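Chain residues, written in single-letter form:
There are 2 protein chains.
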Amino acid sequence: MLPKAWIVSIGNEVVSGQIVNTNGAWLAKRLIVLGFDVRRIIAVPDLEEEVVEVFRDAISKSVDVVISTGGLGPTYDDRTSEFLAKAIGKKLIVNDEALKLIEEKYTVKGLPLTEHRVKMALMPEGAKPIPNPVGTAPAILVEVNKTVIIALPGVPKEMKAIYEEYVEEFLKQRAPKVYRFEKWIKVTGIPESSLAPIIDKVVKKYRTVYVKSHPRGSELASPVIHLYIVASSLNNLDEAREIVEKTYRELVEEFLKLGGRVEELEINAVKGE
Amino acid sequence: MLPKAWIVSIGNEVVSGQIVNTNGAWLAKRLIVLGFDVRRIIAVPDLEEEVVEVFRDAISKSVDVVISTGGLGPTYDDRTSEFLAKAIGKKLIVNDEALKLIEEKYTVKGLPLTEHRVKMALMPEGAKPIPNPVGTAPAILVEVNKTVIIALPGVPKEMKAIYEEYVEEFLKQRAPKVYRFEKWIKVTGIPESSLAPIIDKVVKKYRTVYVKSHPRGSELASPVIHLYIVASSLNNLDEAREIVEKTYRELVEEFLKLGGRVEELEINAVKGE
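So the protein lines, in turn, are chains A and B. For what it's worth, my numbering labels the leading residue of the first sequence as 4, then goes sequentially. For what it's worth, my numbering labels the leading residue of the second sequence as 4, then goes sequentially.
Excised from the complex, chain A in its bound form:
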């Protein structure tokens, strides 16, 4: 049995349909590639009764990993940390490590620690803060019984940066031993904005593949994109390799039609250990 994961998107703008839940889809893709069984993506409003209930629900069902997004900022309606503390029966306290992370961000810019800034250091007792490489609010990690809960910010850029720099590595240790096949390629001559719809189309076909583009040149003058293609399998490396290669061939075919040039850079085959 694969470890189970839930993704919880907290915020009125998501549950009211004002924005589409792209954070949820992005996280699901990443968790699946690591070998987690994503069982729910749940959007809830910034309401105590709903958020507390969803966290408690996950704990009582022994979901292995819960990742929430949203509600970590400095304003009055950012209350995820408070709700999380309630859900797990812990006090909400100023986390010294979190406060230090926040202080560093502001003192560099000569800004004082106001009440709203300190608020972002409030965490459930026993929580572990996770640095935010591109924003100010640290993420929160708590463990209750068998369940790890990681609360990330809702701003996609911050959510993704924290996930990629810190969370993914942590989760790999909790993930099953999967076989992972990775390929890096270089695409020249096509702007990233033209690659995006092609990648979206191809990626939709395969449940266990994830493709990420990293722009290296300038978007219009001389576009150079490094593409990372990864897939995983519980069974063997060939299965993962096959999905990556299929994805790769379909992408290349489309890129060539647009006059792009494609070069293979690197291949990694990671055995489940």
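Treat the hints with care, as some may be off.
Heads up, the list lumps identical chains together, so a pair's fine if it works in one copy or across two of them.
Pairs of lysine-lysine residues, derived as DSSO-like cross-links and limited to a Cα-Cα distance of at most 27 Å, are as follows [to be verified]:
#  : residue 1 : residue 2
1  : Lys260    : Lys108
2  : Lys249    : Lys64
3  : Lys89     : Lys64
4  : Lys215    : Lys204
5  : Lys131    : Lys108
6  : Lys175    : Lys64
7  : Lys204    : Lys249
8  : Lys89     : Lys7
9  : Lys189    : Lys149
10 : Lys189    : Lys7
11 : Lys204    : Lys163
12 : Lys160    : Lys208
Everything labelled a hint here was simulated from the structure, so no lab data went into it. Note that the coordinates shown come from a computational prediction; the quantities given were computed from them, not determined experimentally.
Let chain A serve as the given structure and place chain B on it in line with the hints.
Frame of chain A; chain B shown alone:
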């Protein structure tokens, strides 16, 4: 207290992040305009334990309206009807009314009722089928205690058509007495594909507004679009009117920049009764 609603998106492709949950966002918008309090948008895989649990959860919490999407088609992995029957403790039987609806669709085209086609008429005992104006699988309506559950197909075109032709009218009777302000306008000279991003941008600002475009001319040669702008308020008509007018003004400003012409067609003010 507003009546509560949950939206349940059933399908591996949603919970795995292969597709972003646009159905959920669309339904949330529509339910909020009617005056429902959308408390959750939940994506789950096509797995019995998950789907049954979510339906049961909603019933035990006396959620007023649950709308699910997905899993109603003819293939083996379309099992929403079966799971719904399990969740509410009813037998799964061939619904005669549903069978007639399906038969009509196929006999018009001279096609026989195969096993896979009959499958789409299997519904929980006591369920009411809802016709599908653009596809074949009828939707399903059941009531359990205080909760109405409506299972719609996952194909966006079918889901929207059934909602607009049948479900919305039904839900209005369960909705609170809201004030609704509606405005129809005509936009000439801008293709719908250019209107779309503008509408998306403006609509995001207001929780209770919904804007729908109806193309009346040809997309490129002579684009004519009728736009429907609607907002609701629990308190008074002015509140709803103000949101519609603000939305209207912001839209018009952008449309004029693109060289479009705008004409007001019709205004409806609906008092909560």
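Right, here's what the structure says about each hint:
no., hint, verdict
1, Lys260 / Lys108, "neither (46 Å within a copy, 41 Å between copies)"
2, Lys249 / Lys64, "neither (37 Å within a copy, 46 Å between copies)"
3, Lys89 / Lys64, "both (18 Å within a copy, 20 Å between copies)"
4, Lys215 / Lys204, "both (13 Å within a copy, 26 Å between copies)"
5, Lys131 / Lys108, "within (18 Å within a copy, 59 Å between copies)"
6, Lys175 / Lys64, "within (22 Å within a copy, 36 Å between copies)"
7, Lys204 / Lys249, "within (13 Å within a copy, 36 Å between copies)"
8, Lys89 / Lys7, "both (23 Å within a copy, 23 Å between copies)"
9, Lys189 / Lys149, "neither (41 Å within a copy, 57 Å between copies)"
10, Lys189 / Lys7, "neither (34 Å within a copy, 50 Å between copies)"
11, Lys204 / Lys163, "both (21 Å within a copy, 23 Å between copies)"
12, Lys160 / Lys208, "both (25 Å within a copy, 20 Å between copies)"
Against the hints set out earlier in the document, violations occur for numbers 1, 2, 9 and 10.
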